[in-house]
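Note that the protein sequences, when read in sequence, are chains A and B.
Residues in the first sequence are numbered consecutively from 1, following my numbering.
Residues in the second sequence are numbered consecutively from 1001, following my numbering.
If you're looking for bench data, these hints aren't it; they were derived computationally from the structure.
Owing to the predicted nature of the structure, the values given are computational and were not obtained by experimental measurement.
Be aware that a few hints might be false.
[What the hints assert, rightly or not] For lysine-lysine, the following DSBU-like pairs were computed, each having C-alpha atoms within a straight-line distance of at most 30 Å:
1) A:Lys167 x B:Lys1095
2) B:Lys1195 x B:Lys1235
3) B:Lys1229 x B:Lys1038
4) A:Lys213 x B:Lys1052
[Stated by the list, open to error] Using C-beta positions, here's what the derived DEER-type ranges look like:
5) B:Arg1046 x A:Glu234: 17 to 23 Å
6) B:His1026 x A:Pro88: 37 to 43 Å
7) A:Pro117 x B:Gly1248: 48 to 54 Å
8) A:Arg240 x B:Asp1232: 56 to 62 Å
9) B:His1026 x A:His138: 23 to 29 Å
10) B:Lys1229 x A:Glu234: 47 to 53 Å
11) B:Gly1162 x A:Pro88: 28 to 34 Å
12) B:Lys1229 x A:Glu237: 52 to 58 Å
13) B:Tyr1165 x A:Leu119: 32 to 38 Å
14) B:Phe1027 x A:Met10: 57 to 63 Å
15) B:Arg1046 x A:Pro117: 50 to 56 Å
16) B:Arg1024 x A:Ala49: 50 to 56 Å
17) B:Leu1238 x A:Pro36: 45 to 51 Å
Ideal Cβ placement from N, Cα and C applies to all residues, glycine included.
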Amino acid sequence: MTGLSSSPSMRILTKGNEAICLGAVAAGCRHYYGYPITPQNDIPEYMAAHLPALGGTFLQAESEVATINIMLGTAASGKRVMTSSSGPGISLMQEGLSYMAGSELPAVIVNISRSGPGLGGIAPSQGDYFQAVKGGGHGGYRLIVLAPHSVQEMYALTMLAFDLSDKYRTPAMILGDAIVGQMKEPFIASPYDPASTTGKPWALTGCAGRERKNLKSLHLKDNAIEVHNWKLHEKYERIRRDEARAESYMLDGATIAVVAFGTAARVSKTAIQWARKEGIAAGMLRPITLFPFPEREVFDLARAVDVLLVIEMNTGQMVEDVRRCTPLHDRIAFLGKPCAMPTPEEILERIRQLAGRKG
Amino acid sequence: MRPPAKAGFSKAVYTRPRSLVDVRSHFCPGCHHGTIHKIVAECIDRYGLREKTIGVACVGCSVFLYDYIDVDVVESPHGRAPAVATGVKRAQPDKFVFTYQGDGDLAAIGTSEIIHAANRGENLSVIFVNNTTYGMTGGQMAPTTMLGQKTSTTPYGRDFRGDGYPIRMAELLAGLEGTAYSARVAVSTPAQIRKAKESVRKAFEMQIGGMGLSIVEFLSTCPTNWGMKPLDAQKRVLGEMSEYFPLGVFKERQQADFA
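Isolated chain B, as found in the complex (with noise of 0.2 Å):
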């Protein structure tokens, strides 16, 4: 238990977003999630978008975004959220709109959505939480497993010949015209838990200027499925899973108008 502030020493350092939901987190130990919703949480308080805010959850472990984001939240089918999300922006483009997804959902079943909702330059922010593998259906290969990496259904590691190469989503999408933003970060420093807040901060200015999608790549662990503990699950992060996914700003659109 803290001690209590001594008089004079009272001053407020850290607190909890207005819009990060009070409740025991569930997610495995050492999984990022928890940290990605702050930040969230955090950029949707420092713009003010609570009361403005529909956000989209897709399938996986990322679906539980509803239990802890205190916004209205909108479920789609796996794969589909920025389809989604281009129905509530359609229909609605004064509210700020973003999408939650695994790296099952943006870069495998919904690999289409995402790149046509980018290439029309839906004015969307995307939180795309890449961790290798796919969490919730128990640890399969994932588009962004590494090459011998082993999953439960790639149990002899991912083989190129077989499997595919792990795909890099963010310089994907950065090639498309549509997209305004585009940035991988990781959040297992807490260097990088500042950068990374700075490219969702982004980001989020991107949809409040008009510019066109915006997406960010967080690199996370899975450590249950992974197999780790959760401090040897931050170092590959820091190893491995940055020296495959570069961290960085792949794409940043200066003006609204593009042609």
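Bound-form chain A, shown alone (with noise of 0.2 Å):
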């Protein structure tokens, strides 16, 4: 396991899940509470392992409907906390989740997704996506949503989703799976630099000094509600123009491009380079956050290419954000395998298609 001294920029070997939980205590994170469930249990025992010491707090709740509740208390503390989970636990969470995002309190929400619908299976998959992106829960909100395809990224964007979560006063979450959740490669665990600082004079602390404040998504009176709502649209607004981040891999020049997240774009990353070294001029989009989705750079590459290969690791659901974010639907390719990672000869044979040569 790995230890949490912190030098600078020192180099780890760890899982990206525990990664995860090094980024989560970098950040300042003191506060885990959780539920078991597989494949994310290493979070809760690598944070009830540490999180004393530091004088922090682990909790094992009855349920994921406690859990969730029990970070909005915690959230609305003022302190920082995070949970993790995988697909049937985070449904469990979205009544808690829109309440949070109704009563803007900011909280880290790790979902290390497996394959659905129901109980599904353990297996891999990124059959979440539309819950993740698409608010989840009831009444149209948004959460912002970080999907990492590395050990270096669990770290990172780890800290990232503290600070957007606190900056926006809404829930963050960071889009897993088995794979980049188990898989262990050498990270920089550099120091925390905050990306944002926000105060929180909003917190619940016991009026001293000051009037009442109550936090809350109740809104009877007049047309507060409405109100309340065209406020969490402009914030979602906000969001949705200044925080999209993508990465552009081997881009230049490229015919076909991948547009794939999380695990499907670290597999793609190999096929990319074979057929590179086949004469293929092909490249990828990686979007780094899928909401906000990073809209104008989809719309920009649908025009620069031929093919947006759509990898995706369910039947197709980021594929419908793609095709929103572009007119040039017949440029739209997709492979998918819901319960099951894309193998880099899997992807290579398509875009061997797709360039019109044969395997």
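Could you fit the two chains together into a complex? Lean on the hints.
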């Protein structure tokens, strides 16, 4: 198990799930609540082992429903708080997530997703894309959704998730899967450098020396709920405008552009390298934020290449957002596997087909 | 209008608690929320807790806690108040934290949250208002609805064969190790109000002393949904309700250590 000492830019060999914990602790998160579910149990186990010594709190709740609401209470107290779960558990958290979005409370939720729907299986999957980026709970809201594709990003994007969540006072989700969660690779544990710093004057700490405050999502009077919903909408529009992130990978001169996130993107990189060696001009746009989606980048890319090949570990979810971003639908191809990782060979074969070559 | 006090007779015997907001009540005539709010506010004042208190409001009529109690309040989803309060208390163990929940909230949708918060011995105080019905949503059956009681979803009266029995939460929670204090009170007579206040004081002292979860169940009225005049509603509390839900203290921890 990885230690917590943080010499500057330390190189650490660890699992993606533990890198999340290291990122959270480095970012000042001292409160973790959760409920066991495969394939993310390394995270609560790590937090249970390390948070007490840091003066923090680990609590295994009685359910995911309780978990997200214990988080709500800690978030309302102005403290950084995190949970982690997987598909079925994230579904149980949707009620609390909707309340947190409505009450404008920051928190970080990690979804190391598995195959669904229902109990599904524990194979890696990206089947929770819709749930993550389209709100998930009731009432119409958005989560900030970050999709790491390496252990390095499991660490760094967790820090960023805390910063963005605080900046916009809204929950942020790390959307990973069993592969990026369980794989081990070295990463640079650079010290936490806040992407933004905000105070929390809204936190409930007792009304000493000030008027009492309420944190709530119920707005009954006059048109208060309409005002509130437009305010939230305006916030999501700001996030959409300012926080979209994507990686451009070997896109110079590309005629075939893969669009993929997380593990699917990781695997695609290998296929793209092979394709380039064969003289096929392939590259990739990798959304790092799934909400906000890199809309402008997809729009521009669709005009610049012959084909956009969307690769997902599901039967086609993000591809709908790709279609939304460009009118050039005849340039969009799709390769999906709902309950497994596509292999580099499969991706290369599809790239070859699209390039008009035989394997 | 009250005549002006005569010289020599101006001693104040009653004042508004500092922690009670000076607003007109919006609750229905004969409803007990106002009285219970006052008792809670008086006890907050008594221990000087106003500036270090975070209240947790739930869903239903009791959500309007934040309109009446002059402290910081966070709103929770239906039934989840003990979980939200756990999160507040774990983050701020030096603060005073209480939930204010109705029977649908605590004894139906939030049964899991209250049982597990109690079982963990969370150092919280719970004010539980039992009026045997869902008030805000229009008088549907609650877990505490009496056998034979007609509600909008038990139009022929609650029948244990299909609807189950009214749950006695104060007794149920008293059986858990982590519960420090559990009592049931009523506020239908001045004597009961005095006793109720003693119980809330005791519940608050439990939290101040770090003893674990304390709960005070209030037998309360809902004249509107019961279809009763306020005075008849009081009689129902004193009679039928008190018979099935006996008043008293069911658990009182003596020492902070429990194993």
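Margin query: Need the list of violated hint numbers for this structure, in ascending order.
Written below: Those not satisfied come down to hint 5.
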